[in-house]
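2 protein chains.
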Amino acid sequence: MNKEFQLTLDDVGSNGNQNIETLFALANGFLGVRASLPIAEEGCNAGSFVNGFYETSDITYGENAYGYAKQHQTMVKLFDFRTIELKINDCDKFTLSSRQMNLDMGKGVLQEKYVYTTSLNQEVQIEIESFASHKNRSVYAQKWRIMPLNFSGTIGVNKQAVHIQPNKVREDDPRKKESSAALQIDEEKVQTKNSGQILYYRFDDYQSEKLVEIGEEISFVQCYEMSKTPLSSIKIDYEVMKEAQQTIFQDFWSISDIELEGNVQLQKGIRFNLFHLFSSAGRDGKTNFSAKGLTGEGYEGHYFWDTEMYLLPFFIFTQPEIAKSLLQYRRNILPKAKERASELGYKGALFTWRTINGEETSAYYPAGTAQLHINADIAYAFELYEKVTGDTKFLSSAKDVLYETARFWLDYGFYSKRGFELHEVTGPDEYTALVNNNYYTNQMAKNNLYYAVKLANQYQEYVEEAVDWKKAADAMFVGYDEEKKLTKQDDSFLEKEKWHFEQTPKEKYPLLLHYHPMKIYKYQVLKQADVLLAHMLFPRGVEQEKRDFDYYEPLTTHDSSLSKAIYGVVASRIGYEKKAYDFFKESAIMDLEDTHENANHGIHAANMGGCWLGLIYGFAGLRVEGEEIVFHNHLPKEFTSLKFRYLHKGNVQEVVLTQDEKTNGDFGSS
Amino acid sequence: MNKEFQLTLDDVGSNGNQNIETLFALANGFLGVRASLPIAEEGCNAGSFVNGFYETSDITYGENAYGYAKQHQTMVKLFDFRTIELKINDCDKFTLSSRQMNLDMGKGVLQEKYVYTTSLNQEVQIEIESFASHKNRSVYAQKWRIMPLNFSGTIGVNKQAVHIQPNKVREDDPRKKESSAALQIDEEKVQTKNSGQILYYRFDDYQSEKLVEIGEEISFVQCYEMSKTPLSSIKIDYEVMKEAQQTIFQDFWSISDIELEGNVQLQKGIRFNLFHLFSSAGRDGKTNFSAKGLTGEGYEGHYFWDTEMYLLPFFIFTQPEIAKSLLQYRRNILPKAKERASELGYKGALFTWRTINGEETSAYYPAGTAQLHINADIAYAFELYEKVTGDTKFLSSAKDVLYETARFWLDYGFYSKRGFELHEVTGPDEYTALVNNNYYTNQMAKNNLYYAVKLANQYQEYVEEAVDWKKAADAMFVGYDEEKKLTKQDDSFLEKEKWHFEQTPKEKYPLLLHYHPMKIYKYQVLKQADVLLAHMLFPRGVEQEKRDFDYYEPLTTHDSSLSKAIYGVVASRIGYEKKAYDFFKESAIMDLEDTHENANHGIHAANMGGCWLGLIYGFAGLRVEGEEIVFHNHLPKEFTSLKFRYLHKGNVQEVVLTQDEKTNGDFGSS
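Top to bottom, those sequences are chains A and B.
In terms of UniProt numbering, the first sequence opens at residue 1 and continues consecutively.
In terms of UniProt numbering, the second sequence opens at residue 1 and continues consecutively.
Treat each hint with caution, since some may be false.
It does not matter which identical chain is used: a pair holds within one copy or between any two.
[Stated by the list, open to error] Dumping the calculated DSBU-like pairs for lysine-lysine here, alpha-carbon to alpha-carbon at most 35 Å:
1) Lys228 x Lys189
2) Lys484 x Lys471
3) Lys508 x Lys417
4) Lys242 x Lys210
5) Lys484 x Lys347
6) Lys519 x Lys471
7) Lys508 x Lys471
8) Lys498 x Lys347
9) Lys519 x Lys286
10) Lys336 x Lys508
11) Lys484 x Lys417
12) Lys113 x Lys637
13) Lys578 x Lys471
14) Lys508 x Lys70
15) Lys471 x Lys228
16) Lys498 x Lys338
17) Lys135 x Lys519
18) Lys338 x Lys508
19) Lys519 x Lys643
20) Lys488 x Lys506
21) Lys508 x Lys519
22) Lys454 x Lys508
23) Lys336 x Lys347
24) Lys508 x Lys470
25) Lys662 x Lys347
The hints are simulated quantities; they were obtained by calculation from the structure and are not laboratory data.
Quantities reported herein were computed from a predicted structural model and do not represent experimental measurements.
Taking the hints into account, I'd like the entire structure generated from these sequences.
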């Protein structure tokens, strides 16, 4: 693999320890390990995670009410596998002199080299090679080499997994919520206190004390194993495992790689994003893809709609097996979604806004439970999966998800003179809450209902119910301002005062940290794409989309990391090439350059998927039209070519866009 | 005083211990004592309170955000002054055989008689006379008589104030929130831990052990003194104090009594309500009137808009000195209101929704801080006070309240094509939240602005600002549905689905305990009068009011105790005599009959004021028109006459309504 697959410290914008821990983190969908220093410094945040391994605690409300989420679910920060205790003669204090990191994204292996210095100027070099195995997802493996550079002496080594003690209090920034849980640690397993989850483990500890001459080294291999089921007794062979890792990553890139010619940094950003998408996605049908993947504690390891609307397109088009397992997770939590709908007084199923175990854990319903669109987002992803993969077999096993969500919409909405309306919802834009007829929500619910009707007719079941679903979908109200010729984000949005952007200094962003929600909700101001996200999915024609873009984009703070990628896609399609380029660029390098200044809490997974959307839905103009996958060359002039592959009903397709071939027409590919 | 001023156990609907503790509680605006049993039984909730004596604790949110209220403020449950330790020979277990209570509301004195029986059938009678002194508000005084009825023996008595230890956890029902705080108790004072409040005390303890023959008795007097400032050393004379109490209550009734002929129970209900209004109102300008007065811990002893809109009319018209001190409280917390407006990003002052110390302590902003109307409610009360009392001197010292609230409205609202709009507010109806242009709020804000303009012109200050206030008031948008000829509660209310009352069984009320707020907000359903409350204050003509009444009343659950009284007033005015009678009746006996089944947490003070409104604003049709007080006889046929007095600019006026004199015309009285 060439240099473009190597990530080094030169490639990242911020060299803060926690930032590096996130960006160079290794994960395999089951476990994730932050790339912390071998000898801890202040301000480090070492640790590892297991997907879906969480602790619960009661949510305390200042004022409680019926139907509020009852328990926090918090992904547990597990062991620090990377800390080493070192002693040179009698000295155990070291200063970091140099650090080199090389993440070989092509092979899924991290190489590190450190030089540490004692107060007596003794220099010791540490080399670590490590990977989170994709062959055996229980395994995180390390190979260490420790060598004196300018002395001979006794080197003592103690390398053990260290349990991270809970030491963080809940933070006020709702995006962070770092926390770790007290674990009961037994000989072969750890157990959470409240949620009763069990994790089996087997760790290779290493201890030695040796006289080492210059030119000699201490080397050892460690395989850390963790599993939700008892571990097999088979001994891990590091080299065999590493070989398999490379093969798996080669296979991954052979389908999922994207070659964008014209900007080396952005090319690296793309691969960095795809690498993390592949690394953190749950593979077992019981776990999903948390907002920060397995790279950090932000958002407590919860799964959101991010999976369906930002991540799944990438997986559906290039790694359908992963897509299937992520959708299988939703099928598995359907019973919880039915309970939740019932608790709220509705029929069918309502998937919860943020969750690990399927129960609602959003403690602020206006920007949580009220985002009912998650139901339709999930339905949309099932439909896209079926259309692109042709995997009707899986759909036939999961079609209850579509029926139950359709039932919910039918019961939740009501008929008025204007049509079928959905009230008191929050759309994707979280700076506008509890509104009537959010455009995105209504369009998505309509699609949800139609898809359920299609399945019901196809499988000849619930046919009578399906008549009502179709009637509601046909009658679904969508708001439009005839005078302004604008799509209405919701019934009241265009009636509001516009946010006073000119009176808002830079340091007051993101608004959510500096203004009361009541104030934010009062104005025309968006956190993220809302109407335009709907347009990305359900095109309304270039002229309409332009008008809406021109209206809504300037009102958008992009305070959410889920925003720019979507505006970029639409900008491509409506011919706003400069904006498309700019938004794509920011999406491609968001974490690499730490533009949101919080990559220390973990990657922005949804944006990474958004980066793929920017390239494929945006620059390449991909649309699914019936049985066809259709493209349109929107490649910005900054790039000479774009080359990518995707799978359509099991067949690999390759698309190459160049400036020469740039025309105005669509071109199909199936 | 005649029998109608005596409240006995026969008069109350529920004989539960906690209910009796509330109904027979004694208070003097400074301190309040629940009428608990002398020998505690399970399920009792004894205790005393001092107005505005509170403890703070951090509010924990499941998900915190900028500008949320930071601290709970909780009125502290203080000493149990009523428990006695009794020993007859060696026996200290007693069974209550009989209980008589007689609250002489005419004199402000409670008489009680208990017979307790030992397992050996020894009967002992306990008589207690007690009052919360209105002459010296530091004093709660008791006189005890203990006599053996059927034996002679040694009677041991230990009568001491007992500190109530914190033993309650926060409850989920937002209306309760009982709690008590750990106190640091020194020799002469107690101190709260977090809020650092100090209360000085001097208690007469009593201990004795005597041989008592049948026909003899043990008697003693106890004066419990508490004060926020060091106590004077003057010894309290029980009889002198009791004499003064009777004079003060005579004076009170001479102005504030209302004689309603035709229904003895309702007559008693009225006096019961007026008695508690007089008892619990703060008198020192630094305290106010909590939602449950000084009779219970419900709503944590917080002050709400209840004072201004439900209680102050009674005080303004009959006890203007008390009215002034309640308004003085608002003037005193104005600096906190300015800080709050600033924190939320607005100019001027925003009074907090619920508070003791002036800081916001509502932990649920959609039904708390968002009820901005409290600003205008306060302004309205200041205006009414000035109009009725003519006390311009007080107003001139408090007019900043009006200017600062006007400044807030001007900054909060904005001009649109439709006029001056107020968005993202919650009106009085808490089953509809975060809406645009709540009719009540806009009307009240308009009035607030106009009154500020009037004062500014009168005092020739802020005259330029006042031009903008007037402009906004003139342009204030008020919503009206031209087709339905209905006043719109807010921009979207009439667009909503109607609540499915037919599918809501009785046990699902109050809705707030059985449905998620998101669900409740979605429907046309009211907790309490909203548009109709505005109509009570700003009449819109009988025809319009009838249409609005016919539309909104059937959508109202009256889950709030603040609802029925208001509908009753409007029903009177629009000639719905039967409804006026029914609503008034429920208002008159709400606590006496415990119709809301929670009088155990304390009286419903606002409803007690609402009872006065039902009589005077409703049956007697009182309106203030310029310099005149105007009446209209709406006396329901169930009553033969209604007689009451009020003060207009210092002069006592008497009004008598009878069925004979019932005409359609207004009659003045000034």
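So, going through the hints one by one against the coordinates:
no.	hint	verdict
1	Lys228 x Lys189	within (9 Å within a copy, 59 Å between copies)
2	Lys484 x Lys471	both (29 Å within a copy, 28 Å between copies)
3	Lys508 x Lys417	between (42 Å within a copy, 30 Å between copies)
4	Lys242 x Lys210	within (28 Å within a copy, 93 Å between copies)
5	Lys484 x Lys347	between (38 Å within a copy, 32 Å between copies)
6	Lys519 x Lys471	between (38 Å within a copy, 23 Å between copies)
7	Lys508 x Lys471	between (46 Å within a copy, 31 Å between copies)
8	Lys498 x Lys347	between (38 Å within a copy, 18 Å between copies)
9	Lys519 x Lys286	between (39 Å within a copy, 31 Å between copies)
10	Lys336 x Lys508	between (39 Å within a copy, 24 Å between copies)
11	Lys484 x Lys417	both (22 Å within a copy, 14 Å between copies)
12	Lys113 x Lys637	neither (40 Å within a copy, 96 Å between copies)
13	Lys578 x Lys471	neither (42 Å within a copy, 45 Å between copies)
14	Lys508 x Lys70	both (32 Å within a copy, 21 Å between copies)
15	Lys471 x Lys228	neither (46 Å within a copy, 68 Å between copies)
16	Lys498 x Lys338	between (39 Å within a copy, 25 Å between copies)
17	Lys135 x Lys519	neither (51 Å within a copy, 48 Å between copies)
18	Lys338 x Lys508	between (40 Å within a copy, 21 Å between copies)
19	Lys519 x Lys643	neither (46 Å within a copy, 49 Å between copies)
20	Lys488 x Lys506	within (28 Å within a copy, 39 Å between copies)
21	Lys508 x Lys519	both (13 Å within a copy, 33 Å between copies)
22	Lys454 x Lys508	neither (48 Å within a copy, 38 Å between copies)
23	Lys336 x Lys347	within (13 Å within a copy, 46 Å between copies)
24	Lys508 x Lys470	between (46 Å within a copy, 32 Å between copies)
25	Lys662 x Lys347	neither (50 Å within a copy, 55 Å between copies)
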